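Participant: Please put together the full structure from these sequences, using the hints given.
If you read the protein sequences in the order shown, they are chains L and U.
Here the first sequence is numbered in my numbering, starting from 1 and rising by one per residue.
Here the second sequence is numbered in my numbering, starting from 428 and rising by one per residue.
Treat the hints as calculated values from the structure; they're not laboratory data.
Here are the simulated distance ranges between beta carbons: (1) 523(U) / 125(L): 52 to 62 Å; (2) 117(L) / 511(U): 53 to 63 Å; (3) 114(L) / 485(U): 47 to 57 Å; (4) 239(L) / 550(U): 31 to 41 Å; (5) 467(U) / 415(L): 51 to 61 Å.
Pairs of lysine to aspartate or glutamate residues, derived as EDC-like cross-links and limited to a Cα-Cα distance of at most 16 Å, are as follows: (6) 277(L) / 262(L); (7) 148(L) / 233(L); (8) 488(U) / 470(U); (9) 525(U) / 322(L); (10) 308(L) / 569(U); (11) 549(U) / 504(U); (12) 549(U) / 345(L); (13) 165(L) / 72(L); (14) 579(U) / 539(U).
All of these numbers come straight from a predicted model, not from anything done at the bench.
Glycine residues also receive a C-beta, built at the ideal position from the N, C-alpha and C atoms.
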Amino acid sequence: MRTKFIASLVGATLVSGGIAGGYAALASSHREAPLIAEDQYVDNTDVYSFISPTDPSKLTIVADYVPLLKPDSGPNFYKFSDGARYDVSIDNDGDAVPDIIYRWTFSTTVKNGSTFLYNVGPIGSPTDANLNVVQNYHLERIDQHTGKRTIITDKGQVAPWNVGKRSFPNNSYETVALETITKTKAGTSAFAGPRDEPFFVDLHVFDLLGVGGASTTDGLNVMSLVLEVPITDVAAGGVRPAAGTAGPTSELGIYASASRPEIRMLRSHSEPDNEGKFVQVSRLGWPLVNEVIIPLQDKDKYNRSNPKDDVSNFGAYILDPEVPKLLNAVLGANCAATPAGGRLDIVGLLSPNGTAPADLLRINIDADQTNSQSHFPNGRALTDDVTDTLLTVACNNGSPIGDGVNANDLPFTTSFPYLASPHSGNP
Amino acid sequence: MMKRSLIVLVLAAMAACSKSDAPAPAPAPAVTVTPLASTLPTELAKDVDAAQQTGKWADLKQRWQGQHVTWTVWRHELLCGSAARCNVSAFPVQRPAKHGWLPELQFAGGGEYAKIEAACGKADCEIKIDGVMAEVRGSDAEPAAMRIADVKVVSATRG
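Facilitator: Next up, the structure:
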């Protein structure tokens with residue numbers, strides 16, 4: 001099968017008076033490759049990780065899926081895909097191979113199939129009988145070395161969709177949503193459900209590269225998996241490295257992925273069957289890698305491949321990225337030419353403290369690390385303007401460059417799950 | 428479940444019958460593989476491009492796997508920092524990059540990697556290598572990549 005290509009998301013336009021004379025825009029990983037664009041529920045869009053702002057002995061990981069969701073999208077409101085696997089994989093010894101995997105799987109129950117309604121009355125709690133469509137999840141931690149599986153929850157509940165003011169009167173939505181948080185005695189917290197889309201960007205780039213600081217992801221939602229775990233649960237050997245260790249075990253390497261069974265059998269007289277082994281269909285570590293580093297011919301292949309092979313498979317694209325050439329061609333941005341040895345500075349950012357270079361979100365977990373130090377590329381905070389950061393790194397001419405969108409539409413919160421409440425379908 | 432088992436049994440029976448009833452298969456046509464014009468990276472890149480278009484990845488592998496190659500490549504310490512972890516650029520970096528692959532090197536014993544360290548230290552280095560194309564990966568589903576084994580370092584020039 002030859003790949004059919006869709007338009008890539010790269011571009012820029014000049015604006016007068018910009019701090020660096022240029023705007024450019026990109027989307028992190030929303031509908032970034034041809035095949036995954038046809039399979040929205042397992043399209044992972046962003047990964048964030050930071051030392052917890054509420055407990056510095058814990059690490060927070062956010063993995064977002066299902067891009068660009070309109071709040072009033074009933075009657076079948078968005079959810080996770082039953083039958084798919086959603087993984088957050090963590091390398092804790094620097095070799096770019098996962099040592100720990102957190103895996104979510106989902107199942108949906110419709111209480112009353114004789115109505116088209118998502119809910120048949122106001123919803124006062126996650127267990128409210130009026131909530132007609134309920135999605136639950138199983139979350140487990142898998143130790144890749146021993147094969148040990150630890151169940152974090154077998155009956156977690158996905159927060160309901162924020163249907164509107166009649167379904168959640170008196171602004172009660174967030175109270176109900178937060179009641180779905182799972183907390184374990186071992187100190188792990190988990191949340192799954194809709195949130196405000198935290199990624200901010202100007203997507204007008206698709207209109208013949210026409211951007212100008214429009215906050216095009218404002219007002220949209222996304223499906224979020226949020227996890228907060230004791231750092232000792234994810235550190236190599238269960239021990240958090242001492243302050244200042246600065247070695248390969250200091251740097252967790254995190255990526256999110258989604259996998260589907262390789263066979264889906266449609267049947268005329270019954271529900272579809274899923275069969276066979278799971279095949280990875282989406283993955284993401286750093287923002288924007290598959291979006292703008294990997295060219296169209298390899299985007300789907302990137303989603304199927306593993307970070308440990310990134311250098312062998314895609315290393316040349318990183319050494320000689322296309323972005324600065326495009327910025328020069330379209331913007332006249334005066335980006336620096338690729339040095340003779342290639343963009344080893346980018347390779348260096350992907351391989352801190354002697355870790356193997358790979359598309360992993362690296363975060364230092366040494367004992368002296370705090371939330372205030374968790375900013376991209378050392379982890380990624382929700383507020384980080386990664387588009388501007390990466391464009392500036394890519395252009396490499398000493399001047400900042402950006403898309404003109406510098407913050408989210410809603411403030412992030414100070415308590416778990418930290419993401420803003422999703423926009424209402426009927427505010 | 429029972430229905431599915433029954434279907435499987437029927438299919439198995441049909442397969443068994445057709446096997447015994449079918450005439451002896453004709454001999455498979457001989458696979459024609461075009462000999463390599465050269466074993467340089469540029470030739471491999473052309474073949475990868477062709478496989479990308481035609482889907483004939485098996486031909487690519489058959490043509491290249493086992494070939495003896497003598498290549499001049501570029502070593503960066505970040506990507507080739509030890510004998511156990513070494514990928515190199517097969518092309519000058521500013522091409523611009525049309526392929527993502529950086530070949531993986533597996534060194535022959537006897538201190539071959541040490542020759543690079545001795546000549547280059549941590550600096551970028553142009554090295555001439557001699558080895559065997561042990562593995563060429565790539566398909567419509569997976570990206571192209573390759574591994575050169577039994578690598579001997581012919582020369583290493585800092586710069």
